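Asks: Please model the entire structure based on the sequences and the hints provided.
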Amino acid sequence: MTDAVAEVGGTAGVAEDWARDKQVFGVPWGKAMMWIFLLSDTFIFSCFLVSYMTVRISTTDPWPNPSEVFGLSAFGYNVPLLLIAIMTFVLITSSGTMALAVNMGYRKDRKKTFWLMVATAALGATFVGMQAFEWTKLIMEGVRPWQNPFGAAQFGSSFFMITGFHGMHVSAGVIYLLVVANRVRNGFYERRGGNYEIVEIAGLYWHFVDLVWVFIFALFYLW
Amino acid sequence: MADKEGGHQEHPLGIYWLFWFLLFLLSAFSYWTDFWPDGILRQTAILTLMLAKAAGIVYIFMHMWWERLALKLAILGPPVAIGVLIWLMAYEGHYTEDTREEYYGESTFEPEPVHH
Numbered sequence: 004m005t006d007a008v009a010e011v012g013g014t015a016g017v018a019e020d021w022a023r024d025k026q027v028f029g030v031p032w033g034k035a036m037m038w039i040f041l042l043s044d045t046f047i048f049s050c051f052l053v054s055y056m057t058v059r060i061s062t063t064d065p066w067p068n069p070s071e072v073f074g075l076s077a078f079g080y081n082v083p084l085l086l087i088a089i090m091t092f093v094l095i096t097s098s099g100t101m102a103l104a105v106n107m108g109y110r111k112d113r114k115k116t117f118w119l120m121v122a123t124a125a126l127g128a129t130f131v132g133m134q135a136f137e138w139t140k141l142i143m144e145g146v147r148p149w150q151n152p153f154g155a156a157q158f159g160s161s162f163f164m165i166t167g168f169h170g171m172h173v174s175a176g177v178i179y180l181l182v183v184a185n186r187v188r189n190g191f192y193e194r195r196g197g198n199y200e201i202v203e204i205a206g207l208y209w210h211f212v213d214l215v216w217v218f219i220f221a222l223f224y225l226w
Numbered sequence: 002m003a004d005k006e007g008g009h010q011e012h013p014l015g016i017y018w019l020f021w022f023l024l025f026l027l028s029a030f031s032y033w034t035d036f037w038p039d040g041i042l043r044q045t046a047i048l049t050l051m052l053a054k055a056a057g058i059v060y061i062f063m064h065m066w067w068e069r070l071a072l073k074l075a076i077l078g079p080p081v082a083i084g085v086l087i088w089l090m091a092y093e094g095h096y097t098e099d100t101r102e103e104y105y106g107e108s109t110f111e112p113e114p115v116h117h
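Chains as they are written, first to last, in the numbering used here: chain A, 4 to 226; chain B, 2 to 117.
Among the hints, erroneous ones may be present.
[Said to hold, decoys possible] Here chain B is said to cover these stretches of chain A; the calculated rule only asks that three of the stretch's residues, wherever they fall, bring their Cβ under 8 Å from a Cβ of chain B:
no., segment
1, 100 to 108
2, 206 to 218
[Stated by the list, open to error] The calculated label-pair distances, taken between Cβ atoms and stated as ranges, are:
no., chain 1, residue 1, chain 2, residue 2, range
3, A, Ser-76, B, Ser-108, 28 to 34 Å
4, B, Ile-41, A, Trp-149, 30 to 36 Å
5, A, Gly-33, B, Glu-113, 46 to 52 Å
6, B, Phe-25, A, Gly-12, 32 to 38 Å
7, B, Gly-78, A, Ser-76, 43 to 49 Å
8, B, Ile-41, A, Trp-32, 44 to 50 Å
9, A, Trp-149, B, Tyr-105, 17 to 23 Å
10, B, Tyr-60, A, Gly-33, 17 to 23 Å
11, B, Tyr-104, A, Trp-226, 23 to 29 Å
12, A, Trp-149, B, His-12, 46 to 52 Å
13, A, Gly-12, B, Glu-102, 50 to 56 Å
14, B, Tyr-105, A, Met-36, 45 to 51 Å
15, B, Arg-43, A, Asn-81, 18 to 24 Å
[Unchecked claim] Short, incomplete list of chain B residues facing chain A, as computed with Cβ under 7 Å:
no., residue
16, Glu-11
17, Tyr-17
18, Trp-21
19, Ser-28
20, Ile-47
21, Met-51
22, Ala-71
23, Ile-83
24, Ile-87
25, His-95
26, Glu-98
Because the hints were derived from the structure by calculation, they are not lab data. Predicted model, so just to flag it, every value in this text is computed and none were measured. Cβ coordinates follow ideal geometry from the N, Cα and C atoms, glycine included.
Replies: Structure (structure tokens):
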């Protein structure tokens with residue numbers, strides 16, 4: 004693996020990496036593949052968010068005010084975006100535990116890696132649970148993909164499509180993390196030479212889910 | 002440097018704690034903008050905070066900072082094209098809105114108040 008990475012850096016390094024008739028990226032193939040998958044996923048989410056922008060600009064009906072629609076009353080006050088703020092907090096926390104899990108994996112501390120990954124998955128499951136609550140609440144209030152009482156019909160279709168696709172990514176991530184965590188625990192990777200790159204690759208996916216949420220939070224909930 | 006070993010990304014823990022803390026702080030700021038009056042200032046703040054958080058996640062948590070330029074360009078280059086799509090669709094969206102208003106008139110939709 005080491006000889007695949009040239010010593011030259013910068014733009015000369017780019018030419019070197021592409022022109023030397025060997026593998027281009029000096030990283031494990033799984034990591035290069037995960038990055039390329041995430042790049043394609045970036046385009047999928049971008050298409051959703053750009054469509055949302057287009058329908059929001061082009062509709063003549065008023066757009067529902069997200070801070071009211073997603074507000075909750077707590078302790079007698081109407082707090083704007085309360086649930087969304089908590090969901091953001093949960094997802095950021097899980098991103099931190101994941102980053103620590105990757106680090107512990109490289110240190111070959113299997114126990115800590117396992118528990119940090121389990122914590123990440125648990126936080127992810129909490130996020131999906133809160134999203135299910137949010138969906139239920141909006142559906143009971145009459146929000147549908149084709150209409151809603153608060154404003155432009157496109158609000159519902161954008162909301163269910165974007166958060167639904169993101170929630171599906173989180174759910175898949177929870178399963179992925181639990182599978183990898185279990186293999187860290189039972190020594191699967193130890194028997195294959197003790198390489199914990201897979202934890203970082205799973206981590207890339209998890210951080211990407213958090214990254215997408217940053218964009219959804221800013222563009223859908225705050226805008 | 003870690004990247005000489007072919008993608009092995011082991012860094013001091015301090016950088017994760019620092020960025021984790023920053024991520025909470027920036028998100029709190031993002032939430033705070035929801036209480037600001039609508040306008041260019043609020044929109045700029047939302048976008049700036051969003052991009053700062055996104056850059057931090059990609060560069061620090063996803064270790065892009067330490068990867069070689071060939072990988073950085075291959076992954077971070079193509080999304081630049083999305084900027085063109087955003088520009089085109091914003092243009093198209095405004096055109097559609099204008100034609101709708103011209104041919105169908107202003108919206109007569111009366112929103113119901115939100116109850117919780």
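Asks: Given B:His-95 as an interface hint, is its Cβ closer than 7 Å to any Cβ of chain A?
Replies: Cβ of B:His-95 sits 6 Å from chain A, so the hint holds.
Asks: Is the distance from the Cβ of A:Gly-12 to the Cβ of B:Glu-102 consistent with 50 to 56 Å?
Replies: For B:Glu-102 against A:Gly-12, whose Cβ atoms are near 55 Å apart, the range 50 to 56 Å holds.
Asks: A range of 23 to 29 Å was offered for this pair. Does it hold for the Cβ distance of B:Tyr-104 and A:Trp-226?
Replies: Check passed, 27 Å falls within 23 to 29 Å.
Asks: How does the Cβ-Cβ distance of B:Phe-25 and A:Gly-12 compare with 32 to 38 Å: does it lie in that range?
Replies: 34 Å, holds
Asks: So, as I understand it, the hint says B:Trp-21 touches chain A; can you test that by seeing if any CB pair is closer than 7 Å?
Replies: 4 Å, holds
Asks: Per the CB criterion, is B:Glu-98 less than 7 Å away from chain A?
Replies: 5 Å, holds
Asks: Holds or violated: the segment 206 to 218 of chain A covered by chain B, criterion of 3 or more residues with Cβ-Cβ distance under 8 Å?
Replies: That given contact holds, which follows from 8 residues of the segment 206 to 218 of chain A lying within Cβ reach (below 8 Å) of chain B.
Asks: Okay, the segment 100 to 108 of chain A and chain B, do three or more residues pass the C-beta test at under 8 Å?
Replies: holds (count 5)
Asks: Quick one, is the B:Tyr-17 hint okay against chain A at 7 Å, beta carbons?
Replies: Hint on B:Tyr-17: holds, closest Cβ of chain A at ~5 Å, below 7 Å.
Asks: Go ahead and decide if the range 43 to 49 Å is satisfied by the Cβ distance of B:Gly-78 to A:Ser-76.
Replies: 47 Å, holds
Asks: How about B:Glu-11: closest beta carbon in chain A under 7 Å, or not?
Replies: 4 Å, holds
Asks: Should the hint that B:Met-51 touches chain A count as held when the rule is a Cβ pair under 7 Å?
Replies: Holds. Min distance 4 Å.
In summary, the structure agrees with every hint in the numbered list given earlier.
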